[in-house]
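Undergrad: Please dock the two separately framed chains into a single complex, following the hints provided.
So the protein lines, in turn, are chains B and R. Going by this note's numbering, the residue at position 13 of the first sequence is 13; the numbering climbs one at a time, nothing skipped. Going by this note's numbering, the residue at position 392 of the second sequence is 392; the numbering climbs one at a time, nothing skipped.
If you are wondering where the hints come from, they were derived from the structure by calculation, not from laboratory data. It is possible that some hints are incorrect.
Mimicking SDA-like on lysine to any residue, the simulated pairs with C-alpha atoms at most 20 Å apart in a straight line are [said to hold, decoys possible]:
{"#": "1", "chain 1": "B", "residue 1": "37", "chain 2": "R", "residue 2": "186"}
{"#": "2", "chain 1": "R", "residue 1": "186", "chain 2": "R", "residue 2": "205"}
{"#": "3", "chain 1": "B", "residue 1": "37", "chain 2": "R", "residue 2": "164"}
{"#": "4", "chain 1": "R", "residue 1": "49", "chain 2": "B", "residue 2": "121"}
{"#": "5", "chain 1": "R", "residue 1": "289", "chain 2": "R", "residue 2": "299"}
{"#": "6", "chain 1": "B", "residue 1": "37", "chain 2": "R", "residue 2": "299"}
{"#": "7", "chain 1": "R", "residue 1": "186", "chain 2": "R", "residue 2": "322"}
{"#": "8", "chain 1": "B", "residue 1": "37", "chain 2": "R", "residue 2": "49"}
{"#": "9", "chain 1": "R", "residue 1": "186", "chain 2": "B", "residue 2": "124"}
{"#": "10", "chain 1": "B", "residue 1": "37", "chain 2": "R", "residue 2": "158"}
{"#": "11", "chain 1": "B", "residue 1": "37", "chain 2": "B", "residue 2": "139"}
{"#": "12", "chain 1": "R", "residue 1": "186", "chain 2": "B", "residue 2": "51"}
{"#": "13", "chain 1": "R", "residue 1": "289", "chain 2": "R", "residue 2": "251"}
{"#": "14", "chain 1": "B", "residue 1": "37", "chain 2": "B", "residue 2": "130"}
{"#": "15", "chain 1": "B", "residue 1": "37", "chain 2": "B", "residue 2": "124"}
{"#": "16", "chain 1": "R", "residue 1": "186", "chain 2": "R", "residue 2": "319"}
{"#": "17", "chain 1": "R", "residue 1": "186", "chain 2": "B", "residue 2": "44"}
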Amino acid sequence: MSRVRILGIGSPSGDDQAGWLAVEALLDIGVEASLDKLDRPGANLISLLEHAERVILIDAMQSGGPPGRIQGFDQNAWPDYTHGLSSHGFGVLDALSLAQALDYLPPRLELYGIEIASANPGEAPGTAVRAAARQLAATIAAGLAAA
Amino acid sequence: MSEQRRSVAIHVPVLARVEGEGALDLRIDNGAITELRLRIFEPPRFFEKFLEGRHYTEIPDMVARICGICPVAYQVTAAQALEELFGVELDPWARAMRRVFYCGEWIQSHSLHIHLLAAPDFFGCDNAIELARIAPDEVRRGLRIQALGNELMDLFGARSVHPVGVRIGGFHGAPSMARIRDMREKLRAALPEAEALIRWAASIQMPQDDQAFFSVAMRHQSDYAIETGDIAASDGLLIGADAFDGHFAERHEPHSTALFSHYRGQPYLVGPLARLNLNHDRLPERVGKLLAESGLVLPSRNLFHSLLARAVEILQALHEALRLLEDYRVPDSPWAPVTPRAGVAVGCTEAPRGLLWHRYEMDEEGRVINARIVPPTSQNQARIEENLRLSLLNFGLDLPDDALRLHCEKVIRNYDPCISCATHFLRLNIER
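This is chain R alone, in the form it adopts within the complex (with noise of 0.2 Å):
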C-alpha cells in the first residue's frame, strides 16, 4: 500500500511575544522539510558604525539603547572591556555594584519573559491576559518580581530603560545607605516568592525533546558567572575573551539580518540553559538544593527547560544581589580616574539571553576606531533553526497546520529571542 504524504507550506508572518521582528517559514513536502527559516528582518540597525569616532565616555550611554530590555548587559560589558584596555583598577565596591546592577537585569528579563512571553504557551493561553484570567496570583508575583528587578536596576542606573549610572570607571554615583536598606527587606522579602516561582515552573508540563548540542557560557572560578569569568563550552572548552574569534565564526545568511555562529562547525546553546547545564555546580547551597528538589536533571537537552532555568536563575540573583549588598557602604569615589590608551578591548558578560561578546579598536585619545558585537541571539539562530527541524521531527510533521505553527512558537520563544539586538551591520562587498 502506497502512502500518501501530506506537503505543507506554513508562514508566520510576524511571530508573536519575542522581542523585535521576525518571521518563519517552513515547508513540508512527502512528509520531509525542505525549507525551514527564521527569519529576522528588522533593519539592521548600524549601531557600531554609530560607535566609530565616539569617545569612551559616550560608549555605555550609546550601548545602552541597544535593546530596551537588557541595557545593562551592554553597558557592563563596553565599559569591562575598556576599562582592562585602559588599566582602569576599579574600586572593589564598583565591582561588585556592577554585579548587584546585573542582577537587577537578570531578574526583570527572566520573569517578564516566563510570565508575559513563554508560560501562556504551556497553559494552552494564546497571551498573558488570558494566563492571568487562570492564574492571577502566579502573574502578579511574577510581575512583583518583574518590578524589583526594575528597581534594582534604577538604583544604580538612575532608570531602569535605558540605565545612564555607568561610566567607565565605575558609576556616576552612590546609592544612599537608606535606599539600600530598603532594597536589602525588599530582596529578602522576595526570596519566597522565588522559590515559590522554582516550584511552579517545575510543575510546568513540558514537552519532552531531547536533542544533542553544545552549551556555551562564561564559567567563574568560584561564582556563578554574570559578569566575570572565562569563555566554556560543554565539550571541555575554556578560554579568554580575547580568543572567542578563533573559535566562533559568524557568517551572513541571505534570509536573515541577523549573522549566524558556529563553534566548531556547529550550532551553539547560549543562555540559561547553556550556563545552568555548564555552572549548576557554582550556584549557592539554598538555591542548589531547590533545583535538585525540582527533578530537572543536568545537563538539560531539552530546551523547554530554559523556563525553569530562568525560574533558578532570578532566585539566584536575588541571593546574590542580597549578598551583595549585606556590606554596602557608600565609597569614597564611586569611580577611579581614567587615561584612555589606543589598543583592542575585548570583554564578555552574560547577558540575560547568553554570551555577550563586544570589541573595539581604540585610539590613543579614547576615540573608537571600529567596533564589533557579537549578541546573544545571533549565536542562537542557528541553534533556533536545527532546534526546529529536530523538534518538528520528533513532534509529528503530520499534524495540523495550526499544531505545527504553535509548537515552532513556543520552540522559538524558548530562547527568548531579542531579534533587535541581534540586527547587525551587514557588509556590503560590491564586486564589478
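Isolated chain B (complex conformation) (with noise of 0.2 Å):
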C-alpha cells in the first residue's frame, strides 16, 4: 500500500464537492497514492492520519477571496476554516488539532483550499471549482511524480 494519502473532504453541496472534484482528477491522471473522498469526517479523520508516511488533505474553503483560488498549507500554518463545513462541530481542524495533541499527525502533512462561493445542497459545483480541482491536482501529481 502507498505511504502517501490523499484526503479529499467535501459534502455533496454545491461548491463543497471541491475536494472530492481534486481527487477524482488525481484518479483520472493516475498517481501513486490511496486516494480518499471523505464526508465531513468528523473524528474518524484521525485514523486515516496514522501509518502514512505524507499526508495531503484537499478541502474547500471559504475565506473571502474568489472562488477558485488555491492556497496550500504546511503543518505549522492550518487555515482558519473550523466554520461551517464541519460536521457535529468537530471540524476537520478539531481533528488535524487532536492528532497532534496525540502525535499522530504523519511525519508531511500538506493542506489544500480551494476557495468556494456557495454550498447549497444538491447544486453541481461551479465552473471556477471545477476548474480549480482539476488545476490542483495537476500540480499535486506533477509533485509526487517528481518526488
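TA: If you want it as C-alpha cells, here you go:
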C-alpha cells in the first residue's frame, strides 16, 4: 500500500465538492497514492492520518477570496476554517489539532484549500471550482511524479 | 437585614460539544429561575414526510440518513417493524448479526461521547484537544475503541457512516470467515481496554446531584436489551412497542423544533443510565463484577453517572459482539424473502441515546402511507429542562455567570443530545 495518502473532504452541496473533484481528477491522472473521498469525517479523520508517511488533504474553504483560488498550508500554518463546513461541531481543524496533541500526525502533512462560492445541498459545483480542482490535481500529480 | 438577590440572564447561543444545534436561555430574577428553555432550532427535517410514498426497500437507506452517529438504530428499528408486519421469518444468523451490528454503533457512539464530548468537562478542559494534552493515553484508548466500533459497523454496513448493509429480511451480504476471525481478535484485544476505561470513568469525580425521575428503557427476558425487548419504566410498566402511544405523549413547545415527551404527565429519562438502572441485572457476570467494583449504586438518580454508564455499555457491547461472533458461519442466504402487506408496523430499539420508536402505515404494495419516528433526544428534552432547573438550584444560583453556564452545559451533555435527530416535522394547523 502506498505511503502517500490523499484525502478529499466534501459534501454533496455545490462547491463543497471541491475536495472530491480534486480526488476524481487525480484518479483520472493516475498517481502512486491511496485516494479517498470523505464526507465530513469528524474524528474519524484521525485514524486515516496514522501509518502514512505523507498525507495530502484537500478541502473547500471560505475566506472571502475569489472562488477557485487555491491555497496551500503546511502543518505549522493550518488555516482558520473551523466554521460551517464541519459535521457535528468537530471539523477538520479539530481533528488535526487532536491528532497533533496525540502525536498521530504523519511526518508530512499538506493541506490545500479551494476557495468556494456557495455550498447549497443538491447543487452542482461551479465552473471556477471545477477548474481549480483539476489544476490542483495536476500540480499534486506533478509533485508526486517528481518526488 | 434585607438581602438583595441578583438578577441575571444567561444565553448560550450555540451549545458546544453536542450533536446538532441548540441553545439555552436562562433567566434568574431575585434568586429564582423565571425562565429556562432548551431551544432546539435546527430546521425541521421533514424525514417522516420524505418517507411517504416510498417503497419498503428504500426505507433502511433513507432512515440511515437521519443521523451520522446512530444510523444503525434507525435502520434496525425500521427493518424490524416492517419485518414483523410482513411476517418475515429472519434467519437466526440475521437476528444475531443485527445485534452485533448494533453493538458496533453503541461502541463508537459511546466512546465518541465519553472522550470527545463529555470527559473534558470533568478535567477543567474546554475541549478534547486540551484533554488529550493531559490524558493522552486515555484519549488514544478512546479513539481506538471508537475506531473498532466503526469497523464493526463497516463489517456489516459496508461503511460506518450511513451504512447500506441492512435490507428488509436481513442483510445484503455476509462477511467472510476471514474478516470475522480478524474482528474476533480485535474484540478480544479491546476487552482489557474497555475494562480500564470503566475504572478510569469510575475514578472521575462527579458532582453530587440527586434527582427523582422515571427511567424508561427496553427490557428483555434474559439479555441486556439492545434491539429486542418490551418497553419498561422504573415504576414497573412493561408494555409492547404497539402500546407506546397509550402511555407516552408528545407535544409541541413553541421554543423548540423537537417535540417534548411525557410519561404519566411527567418528563422521563431514556438512554444509558436509564438502561443501566432498569437492566443491570441482565449484564454478563464479568461486566456486572466490574460495575460492582466501580462503586456505582443502582438505580442511580444522578445524571452525571451517565458517563460511567456509557463505559459499562461499551464493555457489554464488546462482550456481546464477541459472544455472537464465536459461532459465526456464512449463511446460505443473508436475507429472507419478503412479501409486503398492508397494515401498521411498529417497533422500537435502544439507540445509543435511548429508546427509538417507529411507526409506519403501509399500503398493500409496500409503500409508506405515513411514518412517525420518536427519537431519544426529543423524549429527553423535557427531562433535560427539569434536570437543569433542579441542578441549578442544587448548584447555587448566586454563583458567577460563567460557572452557571458551564454547569448547564455539563448537565445537557450528560444526555448526549442528538439535536439533529430530534428535529421533527411540525404539523401546522391554520384557523381562519
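Undergrad: It remains to establish, for every hint, whether it holds in the given structure.
TA: Here is what the structure says about each hint:
1. B:37 - R:186: 26 Å, violated
2. R:186 - R:205: 31 Å, violated
3. B:37 - R:164: 17 Å, holds
4. R:49 - B:121: 18 Å, holds
5. R:289 - R:299: 16 Å, holds
6. B:37 - R:299: 45 Å, violated
7. R:186 - R:322: Roughly 9 Å separates the two Cα atoms, so the pair holds.
8. B:37 - R:49: Distance ~30 Å between residue 37 of chain B and residue 49 of chain R Cα, so the pair is violated.
9. R:186 - B:124: Violated. Residue 186 of chain R to residue 124 of chain B sits at ~41 Å, over the 20 Å cutoff.
10. B:37 - R:158: It holds: about 15 Å lies between the C-alpha atoms, which stays within 20 Å.
11. B:37 - B:139: 18 Å, holds
12. R:186 - B:51: At roughly 18 Å apart (the allowed maximum being 20 Å), residue 51 of chain B and residue 186 of chain R satisfy the hint.
13. R:289 - R:251: 41 Å, violated
14. B:37 - B:130: 16 Å, holds
15. B:37 - B:124: 17 Å, holds
16. R:186 - R:319: 12 Å, holds
17. R:186 - B:44: Roughly 18 Å separates the two Cα atoms, so the pair holds.
When held up to the earlier numbered hints, the structure conflicts with 1, 2, 6, 8, 9, 13 and fits the remainder.
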